[in-house]
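Asker: Sequence order for the protein chains is A and B. In terms of numbering that gives the first Met the number 0, the first sequence is residues 0 to 541. In terms of numbering that gives the first Met the number 0, the second sequence is residues 0 to 318.
One or more of the hints may lead you astray.
[What the hints assert, rightly or not] Negatives, chain A to chain B, calculated, CB over 12 angstroms:
1) ASP105
2) TYR146
3) ASP177
4) TRP433
[Unchecked claim] As a list, the in silico DSS-like pairs of lysine-lysine whose alpha-carbon atoms are at most 30 angstroms apart:
5) LYS120(A) with LYS52(B)
6) LYS337(A) with LYS67(A)
7) LYS170(A) with LYS6(B)
8) LYS221(B) with LYS125(A)
9) LYS125(A) with LYS75(B)
10) LYS470(A) with LYS262(A)
11) LYS500(A) with LYS470(A)
12) LYS70(B) with LYS440(A)
13) LYS120(A) with LYS233(B)
14) LYS279(A) with LYS262(A)
15) LYS6(B) with LYS125(A)
16) LYS279(A) with LYS45(B)
17) LYS329(A) with LYS41(B)
18) LYS41(B) with LYS470(A)
In short, the hints are calculated from the structure, not lab data. Here the structure is a predicted model, which means the values were calculated and not measured. Beta carbons: idealized from backbone N, C-alpha and C, even for Gly.
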Amino acid sequence: MKIVLLSFPLLFLILLGINLLFVSSRPTPMVNQLIISSIGDASYLNPVLAQDSASSDINGLVFNGLIKYNRDLQGFVGDLAESWEIRPGPEPEITFFLRRGVLWHDGKPFSAEDVKFTYDKIMDEKTQTVRRSDYEWVKKVEVVDPYTFRVTYKQPFSPGLGTWGIGILPKHRLEKEDINTTSFNRNPIGTGPFRFVEWVSDEKIVLEANPRYFEGRPHLDRIIYRIIPETSLSEMELLTRGVDYYGVLPHQYRRMNEIPFLKIYSQPSLSYTYIGYNLKNPLFQDKRVRQALTHAIHREEIVQYVLYGFGQVISGPFPSHLWYYNPNVKPLPYDPIKAKKLLTEAGWKDTDGDGVLDREGKPFRFKLITNSGNDIRRDVGVLVQRQLRELGINITFETYEWSVFLKNFINAKHFDACILGWSLSPDPDDYMIWHSSQIEKGFNFISYVNPEADRLWEEGRKEYDLERRRKIYWRIHELIAEDQPYTFLFSPIGISALQKKFVLVERDPSGREIYRPIQMEKAGLMYDLIKWYVPRGIVMEK
Amino acid sequence: MTRFLFKRLLQLFMTLIGISILSWIIITQAPGSPIALTMDPKVSPKIIEQMEKNYDLDKPIYQQYFLWLKKLLTGKLYSFKDGRPVLEKIGERIWNTLLLNLVATLIIFSLAIPLGVFSARRPYSFLDNLGTFGAYLGLSIPGFWLAYLVILATVKLFGYPVLGLRSFVIEGLSPPEIVLDRIWHLMLPASIMAIHGIAGLSRYTRSSMLEVIRQDYIRTAKSKGLPEEIVYYKHALRNALLPIITLFGFLIPGLIGGSIIMESVFAWPGIGRLAYQAVLARDYPVVMTILTISAVLTLIGNFIADLLYGVADPRIRYQ
Numbered sequence: 000m001k002i003v004l005l006s007f008p009l010l011f012l013i014l015l016g017i018n019l020l021f022v023s024s025r026p027t028p029m030v031n032q033l034i035i036s037s038i039g040d041a042s043y044l045n046p047v048l049a050q051d052s053a054s055s056d057i058n059g060l061v062f063n064g065l066i067k068y069n070r071d072l073q074g075f076v077g078d079l080a081e082s083w084e085i086r087p088g089p090e091p092e093i094t095f096f097l098r099r100g101v102l103w104h105d106g107k108p109f110s111a112e113d114v115k116f117t118y119d120k121i122m123d124e125k126t127q128t129v130r131r132s133d134y135e136w137v138k139k140v141e142v143v144d145p146y147t148f149r150v151t152y153k154q155p156f157s158p159g160l161g162t163w164g165i166g167i168l169p170k171h172r173l174e175k176e177d178i179n180t181t182s183f184n185r186n187p188i189g190t191g192p193f194r195f196v197e198w199v200s201d202e203k204i205v206l207e208a209n210p211r212y213f214e215g216r217p218h219l220d221r222i223i224y225r226i227i228p229e230t231s232l233s234e235m236e237l238l239t240r241g242v243d244y245y246g247v248l249p250h251q252y253r254r255m256n257e258i259p260f261l262k263i264y265s266q267p268s269l270s271y272t273y274i275g276y277n278l279k280n281p282l283f284q285d286k287r288v289r290q291a292l293t294h295a296i297h298r299e300e301i302v303q304y305v306l307y308g309f310g311q312v313i314s315g316p317f318p319s320h321l322w323y324y325n326p327n328v329k330p331l332p333y334d335p336i337k338a339k340k341l342l343t344e345a346g347w348k349d350t351d352g353d354g355v356l357d358r359e360g361k362p363f364r365f366k367l368i369t370n371s372g373n374d375i376r377r378d379v380g381v382l383v384q385r386q387l388r389e390l391g392i393n394i395t396f397e398t399y400e401w402s403v404f405l406k407n408f409i410n411a412k413h414f415d416a417c418i419l420g421w422s423l424s425p426d427p428d429d430y431m432i433w434h435s436s437q438i439e440k441g442f443n444f445i446s447y448v449n450p451e452a453d454r455l456w457e458e459g460r461k462e463y464d465l466e467r468r469r470k471i472y473w474r475i476h477e478l479i480a481e482d483q484p485y486t487f488l489f490s491p492i493g494i495s496a497l498q499k500k501f502v503l504v505e506r507d508p509s510g511r512e513i514y515r516p517i518q519m520e521k522a523g524l525m526y527d528l529i530k531w532y533v534p535r536g537i538v539m540e541k
Numbered sequence: 000m001t002r003f004l005f006k007r008l009l010q011l012f013m014t015l016i017g018i019s020i021l022s023w024i025i026i027t028q029a030p031g032s033p034i035a036l037t038m039d040p041k042v043s044p045k046i047i048e049q050m051e052k053n054y055d056l057d058k059p060i061y062q063q064y065f066l067w068l069k070k071l072l073t074g075k076l077y078s079f080k081d082g083r084p085v086l087e088k089i090g091e092r093i094w095n096t097l098l099l100n101l102v103a104t105l106i107i108f109s110l111a112i113p114l115g116v117f118s119a120r121r122p123y124s125f126l127d128n129l130g131t132f133g134a135y136l137g138l139s140i141p142g143f144w145l146a147y148l149v150i151l152a153t154v155k156l157f158g159y160p161v162l163g164l165r166s167f168v169i170e171g172l173s174p175p176e177i178v179l180d181r182i183w184h185l186m187l188p189a190s191i192m193a194i195h196g197i198a199g200l201s202r203y204t205r206s207s208m209l210e211v212i213r214q215d216y217i218r219t220a221k222s223k224g225l226p227e228e229i230v231y232y233k234h235a236l237r238n239a240l241l242p243i244i245t246l247f248g249f250l251i252p253g254l255i256g257g258s259i260i261m262e263s264v265f266a267w268p269g270i271g272r273l274a275y276q277a278v279l280a281r282d283y284p285v286v287m288t289i290l291t292i293s294a295v296l297t298l299i300g301n302f303i304a305d306l307l308y309g310v311a312d313p314r315i316r317y318q
């Protein structure tokens, strides 16, 4: 009996020993594939139903839209459509001329019927898609011939063009299925550069090169999405080469930058963080008070402490690296003296000497709220609280669970000020956030009203010409910066780490293949993914 | 005996219904909706309303409960998050969780019982005190923290992947090496999950041993001249392990119920992570079904533990 008892721990130790021996002796081979780490699993590999970023990333490789953004996110290039024509007028028409000879991954030909089918599925009320709002202004769509597709709008709506970038679904595969629950959503067929191979829930999604892709077979053999829910541990897999690409958090940057086999890329993101003031609250109705608050909040310091410098202070509601951001509007500088002056003008003084500003016997105090679970917003809140206290403004700072936060505070408009962020699409039409018609049921929960801005938002979504749109949005930018309904804090800079083994394959004028290093584009690092390649002959150090 | 069984089973069934109704109320009344979780300025609220309607979320809560029950029993229950059958989603993960927990349990029993028995052999000796200290340490170290340290250390030492079910770059591995790779990925999380259990169970075994060797029949055995070793490892051990047998009954729900933290840290695709994500996404069908399954298993576990008491200890008889 004693022997039996002893044998278990011994067995355990022997097994552990063999394993340690095994793992310490194995080198990592070079494989022509890309392993991407994602914190969440995908939900639907169906561009119409997908809402999360993991699904969208993969759908972007498996499916094509009619058009796609160009590499500067300024205008479009053809994808499944070779070209398109916009006929302006009170009911504008867009005609897409589709590529011929495109095949679905199962070998069936692609045609305009598929585009119409996709549109019809989106508009079907039974389909669980949020994309329906994108096509609200469509009057009708028609298949002119198998390679011509025409859309008619009820009124001019320029953001509508970009919505045709949505992945097109195969009619022949989905015609007789319930789109919400079909097995297609886990086993998709698209036209894209990579075709679906395998999906193991919460572990991985595997794609392989589509040899019949209309722009030529991608150079990579395989792309694997690995699901690793802990961001700090993705770093460990990056070190052991179980992951090739990963979005780095600011605090990890310095560590990652020292690793010789990694290349680090960075670029401003399409999102920003702000403090929104409830303009229904008398406290914030005076523009001077809002300007004073922005002057008093040291945003450079916040970026330094909270984002380790990986953020850009912005002056208005747009991402700073895109064409509609007005570079002539400068962020209000950190200036506590100016802030104090503005507040005095607005009637706020410390009359009773208790260190807190007051007006008509009421102290300047309010509650700042944000959602819990977002460390960056929490840290911002703590810093803002301290910075405003120096000015004699007393704020309490509280966090709530996301759904409580939305339901009881934001949507109920029951808040003084909130820290939140917007993730935007490359089109500047943020009508739903800023137009006064969106106060009741839209996203203008701070109740911002500016008649000139309202008019410009309406005009901007009717204008198709890029230069004229730019003028409109630059003016909007000026107006909002002047009004300061938000204190615009920063636009975070996205950082990503990639193993150095990848190159971009291009052809020189003589048609010979040459390798170039991979570059960051405004449209993202992976814009040219089909040209990525792992050349043979690069030896990886252990 | 049959009457006892029947009564117990009826009781279990009623408890189960109660649990499921209570869970349904708590889950659906928590703020938030499966649809309006993101704030996407491109999505109009009208469409959110329509989508909620498609999921029957506009119906009264009791109707929703019966709809859930009906769909579950007819196999037409789909997840809100990805439109897949709920049972399929749970089924594909259950084996991963079961494997991990089974190995962890095996490690616990095969290490904790010897540890407890040897500690009790010479109570308050240096080795026993060391064991006590180790057990306190094991009980008080947070598992996730230890896991981070272990992962960091193994990556630095061996440069070999540790997360997930297996390595991702397996080109050039022979079949036995692939098995070793799987074992490696299993051993680390299972061992760390086991530490807490080892600490607890070894203490439990030790005190059970100390209790038994004070009994009259042990003195009798010793006084009739049996060698010390035989008395200890045969007569005493068998009796001391009796209460531990009943622990097996309580193990059943634990085997299926995943550990959210360990599964997240080790990127292990198991039930715990599924449940956690479902709660965050307000995926009512998935949350409810997992809760019901674990309730069923807990009840069955209790029931088996009851029966095992009777088997292990002849003094307990059910009428």
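Asker: Which hint numbers doesn't this structure obey?
Answerer: 3, 4, 6, 7, 8, 10, 11, 12, 13, 14, 15
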